[in-house]
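Peer 1: As they're listed, the protein sequences go chains A and B. With the numbering used here, letter number 23 in the first sequence gets 23, and the count goes up by one each step, no holes. With the numbering used here, letter number 81 in the second sequence gets 81, and the count goes up by one each step, no holes.
Each hint should be verified, as a subset may be incorrect.
[Claimed, not checked] Below, in silico cross-link-like pairs of lysine-lysine (DSSO-like), each with a Cα-Cα straight-line distance of 30 angstroms or less:
{"#": "1", "chain 1": "B", "residue 1": "LYS66", "chain 2": "A", "residue 2": "LYS96"}
{"#": "2", "chain 1": "A", "residue 1": "LYS60", "chain 2": "B", "residue 2": "LYS41"}
{"#": "3", "chain 1": "A", "residue 1": "LYS96", "chain 2": "B", "residue 2": "LYS55"}
{"#": "4", "chain 1": "A", "residue 1": "LYS56", "chain 2": "B", "residue 2": "LYS14"}
{"#": "5", "chain 1": "A", "residue 1": "LYS68", "chain 2": "A", "residue 2": "LYS56"}
{"#": "6", "chain 1": "B", "residue 1": "LYS14", "chain 2": "B", "residue 2": "LYS41"}
For the record, the hints were derived by calculation from the structure and aren't laboratory data. As the structure is a prediction and not an experimental result, all values here were calculated from the model.
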Amino acid sequence: GDSVTQMEGPVTLSEEAFLTINCTYTATGYPSLFWYVQYPGEGLQLLLKATKADDKGSNKGFEATYRKETTSFHLEKGSVQVSDSAVYFCAISPGKLIFGQGTTLQVKP
Amino acid sequence: GAVVSQHPSWVICKSGTSVKIECRSLDFQATTMFWYRQFPKQSLMLMATSNEGSKATYEQGVEKDKFLINHASLTLSTLTVTSAHPEDSSFYICSAPAEGLANTEAFFGQGTRLTVV
Numbered sequence: 001g002d003s004v005t006q007m008e009g010p011v012t013l014s015e016e017a018f019l020t021i022n023c024t025y026t027a028t029g030y031p032s033l034f035w036y037v038q039y040p041g042e043g044l045q046l047l048l049k050a051t052k053a054d055d056k057g058s059n060k061g062f063e064a065t066y067r068k069e070t071t072s073f074h075l076e077k078g079s080v081q082v083s084d085s086a087v088y089f090c091a092i093s094p095g096k097l098i099f100g101q102g103t104t105l106q107v108k109p
Numbered sequence: 001g002a003v004v005s006q007h008p009s010w011v012i013c014k015s016g017t018s019v020k021i022e023c024r025s026l027d028f029q030a031t032t033m034f035w036y037r038q039f040p041k042q043s044l045m046l047m048a049t050s051n052e053g054s055k056a057t058y059e060q061g062v063e064k065d066k067f068l069i070n071h072a073s074l075t076l077s078t079l080t081v082t083s084a085h086p087e088d089s090s091f092y093i094c095s096a097p098a099e100g101l102a103n104t105e106a107f108f109g110q111g112t113r114l115t116v117v
């Protein structure tokens, strides 16, 4: 069945460091791809999305590109801030959302 | 953007009692809503798909008699945890997909932290 695999966390970075969180998926057809962010004690918020191959989603300095050939949707940010500390979920939508296991990011000053 | 409101945001109940969680789409109609459960430091597990006007579809391993879902209108779905026990303590989140768009993102409620004592 359809699935999403994310790199395991936690990821600990210093402020202004470069961030990459890997995400690969298995799906039938061409799903839409998403990154959601969950701040402590809160629900999920959509961070960015891409709906077709080679699309790049971007928001708040985060980017991810829909790579059909490698079935990947890696999340990147050039310079992280302490306020980016959260759990990040990669998800695909062949209808209902299927989530990866989540990656905790901790950014230290 | 579209808003999904979930209530209550947290609840503490005694073992054996029932708890109802509401999920409302505030500015759009949602014929389908999803209910997820999240254990600490884990991903979201889809529990069931709530369908307006028909029975909910439960994922494998989810007890439908324990987790009652009612999609009463195009803007409201409720999840009732019946005869709650401590192992039901968890973070429950609802979501609704944007209508009319294929493979679209979902809008999430803020979640409900349930603690059964």
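Peer 1: A separate judgement is required for each hint: does it hold in the structure or not?
Peer 2: Verification of the supplied hints:
no., hint, verdict
1, B:LYS66 to A:LYS96, "22 angstroms, holds"
2, A:LYS60 to B:LYS41, "24 angstroms, holds"
3, A:LYS96 to B:LYS55, "17 angstroms, holds"
4, A:LYS56 to B:LYS14, "48 angstroms, violated"
5, A:LYS68 to A:LYS56, "12 angstroms, holds"
6, B:LYS14 to B:LYS41, "24 angstroms, holds"
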